[in-house]
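These protein sequence lines map, in sequence, to chains A and B.
The letter at position 7 of the first sequence is residue 7 when you use my numbering, and the numbering goes up by one with no holes.
If you count the second sequence from 1, you need to add 1000 to reach my numbering.
Rather than coming from a laboratory, the hints here were simulated on the basis of the structure.
A few of these clues could be false.
In silico contact screen, one side only, chain B against chain A (beta carbon under 10 Å); selected entries [unchecked claim]:
1. Ala1078
2. Gln1097
3. Phe1098
4. Tyr1099
Straight-line alpha carbon distances no greater than 20 Å define the calculated DMTMM-like cross-link-like pairs of lysine to aspartate or glutamate that follow [said to hold, decoys possible]:
5. Lys36/A x Glu56/A
6. Lys40/A x Glu1003/B
7. Lys22/A x Glu1003/B
8. Lys1038/B x Glu1/A
9. Lys1038/B x Glu44/A
10. Lys18/A x Glu67/A
11. Lys36/A x Glu1003/B
Just so it is clear, CB atoms sit at the ideal spot from N, CA and C, and this is done for glycine as well.
Listed here are the chains, written in short residue letters.
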Amino acid sequence: ETGVTQTPRHLVMGMTNKKSLKCEQHLGHNAMYWYKQSAKKPLELMFVYSLEERVENNSVPSRFSPECPNSSHLFLHLHTLQPEDSALYLCASSQSRSWQGSSGYTFGSGTRLTVV
Amino acid sequence: SQELEQSPQSLIVQEGKNLTINCTSSKTLYGLYWYKQKYGEGLIFLMMLQKGGEEKSHEKITAKLDEKKQQSSLHITASQPSHAGIYLCGAGNTGNQFYFGTGTSLTVIP
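Sequences and hints are given; from them, build the entire structure.
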């Protein structure tokens, strides 16, 4: 256990479904991140929240909608996804928005998403 | 943007063999992190290097950052099946941006 918990671990959804991914951290970190990991591609940063405010949105399609209700919780709402959105979605947190620190980011175990 | 190239992309070794994974950047690395990822799971922090020439070890894994701070290597001595997984390097720049390498998949055959 890293201190960052993601649920569910696996999700299969149809293209017309609406689902949400959840991330929770109790490390006292102030920044949280959503990453997408596809086969044979580097990790892609999707969203960054710092002190519950979205500070970065890397040209992510609007069918992905993040929500950060407090510093411990982060959601990724999914709507009308495409098969190419199938990937491992990783949540991470860090002490501050700056990457610098003894261990950088702390990652959750990820949600394996399959869009059918 | 900063790109981190890892080599090799994949590696299959016999248990007990030594191996090295490289992470190369075209720009100066201001903080170089090594992570390990078990297949389908999250990333686990291994080590962080900041100074040119720095070397750190943890159990049988040693990471080095070259003097020019543009290349890092991860060396595993006497590999074991528990070392199998994907190894990723990550680095920050002078701003708040953090980049990950392309990853190296390691298989250790018992």
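The hints, checked one at a time:
no.	hint	verdict
1	Ala1078	violated, 26 Å
2	Gln1097	holds, 8 Å
3	Phe1098	holds, 4 Å
4	Tyr1099	holds, 8 Å
5	Lys36/A x Glu56/A	holds, 15 Å
6	Lys40/A x Glu1003/B	holds, 15 Å
7	Lys22/A x Glu1003/B	violated, 30 Å
8	Lys1038/B x Glu1/A	holds, 13 Å
9	Lys1038/B x Glu44/A	holds, 18 Å
10	Lys18/A x Glu67/A	holds, 15 Å
11	Lys36/A x Glu1003/B	holds, 17 Å
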